[in-house]
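Peer 1: Chain residues, written in single-letter form:
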Amino acid sequence: MAEKEPGKDTEGSELGETARQMRAAEPYIAAVWKLTGGAVVGVLGGYFLDKWLGTSPWFLLGLSLVGISVGFYGFLHEMARLGKRKR
Amino acid sequence: MRKAMVLLVGLMAGVAFASPGAQDEHGGTGQEKEGEDVAGYILHHVSDSPEYEIEIPLSHDHKAIHLPQILIPFRDGACTPQQTDHGTVIPGLGAGCLDLSITKHTVMMWLAAVLLIGSLLLFSNRDKTKLVPRGTGANLFEMLVLFVRDELAIKNIGKEEGPRYTPYLLTAFFFILFMNLLGLFPWMATATGNIAVTCGLALCTFVLTQVAGIRAAGLGGYLAHLTGGVAPWLWPIMVPVEILGLFTKPFALTIRLFANMLAGHIVIFFLLGLIFMLGHPAVALVSVPFALGIYLLELFVAFVQAYVFTMLSALFIGMGVAMGHHGHGEHEHADHKETGHSHDHGKAHMLGS
Numbered sequence: 442m443a444e445k446e447p448g449k450d451t452e453g454s455e456l457g458e459t460a461r462q463m464r465a466a467e468p469y470i471a472a473v474w475k476l477t478g479g480a481v482v483g484v485l486g487g488y489f490l491d492k493w494l495g496t497s498p499w500f501l502l503g504l505s506l507v508g509i510s511v512g513f514y515g516f517l518h519e520m521a522r523l524g525k526r527k528r
Numbered sequence: 030m031r032k033a034m035v036l037l038v039g040l041m042a043g044v045a046f047a048s049p050g051a052q053d054e055h056g057g058t059g060q061e062k063e064g065e066d067v068a069g070y071i072l073h074h075v076s077d078s079p080e081y082e083i084e085i086p087l088s089h090d091h092k093a094i095h096l097p098q099i100l101i102p103f104r105d106g107a108c109t110p111q112q113t114d115h116g117t118v119i120p121g122l123g124a125g126c127l128d129l130s131i132t133k134h135t136v137m138m139w140l141a142a143v144l145l146i147g148s149l150l151l152f153s154n155r156d157k158t159k160l161v162p163r164g165t166g167a168n169l170f171e172m173l174v175l176f177v178r179d180e181l182a183i184k185n186i187g188k189e190e191g192p193r194y195t196p197y198l199l200t201a202f203f204f205i206l207f208m209n210l211l212g213l214f215p216w217m218a219t220a221t222g223n224i225a226v227t228c229g230l231a232l233c234t235f236v237l238t239q240v241a242g243i244r245a246a247g248l249g250g251y252l253a254h255l256t257g258g259v260a261p262w263l264w265p266i267m268v269p270v271e272i273l274g275l276f277t278k279p280f281a282l283t284i285r286l287f288a289n290m291l292a293g294h295i296v297i298f299f300l301l302g303l304i305f306m307l308g309h310p311a312v313a314l315v316s317v318p319f320a321l322g323i324y325l326l327e328l329f330v331a332f333v334q335a336y337v338f339t340m341l342s343a344l345f346i347g348m349g350v351a352m353g354h355h356g357h358g359e360h361e362h363a364d365h366k367e368t369g370h371s372h373d374h375g376k377a378h379m380l381g382s
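So the protein lines, in turn, are chains A and B. With my numbering applied, the first sequence corresponds to residues 442 to 528, in that order. With my numbering applied, the second sequence corresponds to residues 30 to 382, in that order.
Calculated from the structure, these hints are not laboratory results. Any given hint could turn out to be false.
To spell it out: a stretch of chain A is covered by chain B in this simulated footprint if at least three of its residues, at any positions, have a beta carbon under 8 Å from a beta carbon of chain B; those stretches are [said to hold, decoys possible]:
#1 458-471
#2 474-487
#3 502-514
All C-beta atoms, glycine included, are put in the ideal place defined by N, C-alpha and C.
Work out the full structure: start from the sequences and follow the hints.
Peer 2: So this is what it looks like as structure tokens:
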């Protein structure tokens with residue numbers, strides 16, 4: 442039986458290729474979701490708030506901008522963190 | 030090979046001969062009406078229904094069994110049927126009426142469950158002193174069970190946590206497989222061709238994925254990922270984004286199984302419906318072999334879809350389990366060196382969208 446190399450984690454070595462690739466891709470998928478999800482939540486939130494309060498189109502415009510900005514911030518924040526980890 | 034080519038050309042000629050004949054006989058409007066009838070027939074057969082229809086072969090007659098209607102009103106008169114453009118409709122949950130009626134697909138689910146329990150009781154090796162299964166059925170089931178455990182659970186979740194989730198994965202695999210296969214028998218229906226059924230199955234996987242995440246990362250780590258790792262003043266936007274992201278996986282599971290099972294049946298029905306739409310018996314020379322081919326493909330798809338649902342469930346549960354593990358990837362290992370905040374954040378992101 443092969444000796445466990447010091448400093449090298451062999452946990453999860455029984456995992457299939459798909460599972461390993463999916464786990465590796467997961468942080469990037471999460472980052473992309475932040476970008477798109479921010480816009481989705483902003484637009485939908487604004488639309489329904491406008492509908493509820495009768496203030497069309499102000500909440501739609503405002504929350505869309507906020508949502509897109511937060512989405513971008515979340516995405517860049519995540520990418521910067523992943524970049525740091527890689528280094 | 031040459032014979033097959035001649036046969037194919039003959040069939041094509043049959044279609045070419047059939048189409049103009051149909052034009053002459055019925056004309057444009059007649060064909061459109063026929064098409065609408067065929068589409069209505071197909072939709073009627075693939076959709077859920079409060080009655081179970083048994084068509085009597087070689088006759089236009091059918092026997093309808095009315096299934097029990099169970100309506101629970103949350104307020105007086107909430108379940109009163111209403112007349113709309115699409116016929117009589119029972120109000121939904123939003124109007125205060127909980128509809129728990131037994132439908133065709135519910136019966137199919139029960140039948141699949143009964144067959145599944147029966148066959149597993151019959152073929153499981155209950156004599157613990159003899160570990161080698163005897164007989165074709167027992168060997169077939171053992172092969173499938175071992176496949177789900179070794180190739181799906183352990184390969185996607187891991188050696189430690191995989192066996193814990195194997196019972197659920199086996200239940201999902203066999204239940205979906207039996208429902209898919211039942212739909213290929215005459216007088217039966219495919220319960221997995223109903224979005225409510227696939228949504229229910231996907232919700233089971235969703236709950237287990239979240240449980241796996243909470244078990245692995247702890248409630249604090251799990252909740253930390255919902256903040257997206259951003260400053261607290263951005264939480265009002267980021268928390269809904271992360272919560273919405275949790276539902277993308279069960280949504281994909283729901284649609285994938287539902288669409289695949291429904292599409293196959295619609296294709297078979299349409300190929301057979303071509304005979305009536307084009308209005309010539311010669312069309313059957315082409316459409317029946319094609320429908321038979323799709324039917325055989327459906328037999329394969331029944332297994333493939335059960336496999337895909339189980340595999341993806343295992344993959345998602347595995348990603349939940351990975352929230353508490355470190356070292357699956359290089360970057361995860363490196364995360365140990367970071368601060369406590371990013372440590373939690375790193376764990377949290379394994380669940381991601």
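Peer 1: Against each hint, give a clear statement of whether it holds in the structure.
Peer 2: A quick look at each hint next to the structure:
1. Residue count for the region 458-471 of chain A with a Cβ under 8 Å from a Cβ of chain B: 10. That meets the three needed, and the coverage hint holds.
2. Three residues within the 8 Å Cβ limit are the bar, and the region 474-487 of chain A against chain B gives 8, so the coverage statement holds.
3. Check on the region 502-514 of chain A: 5 of its residues sit with their Cβ under 8 Å from a Cβ of chain B, so the three-residue criterion for coverage holds.
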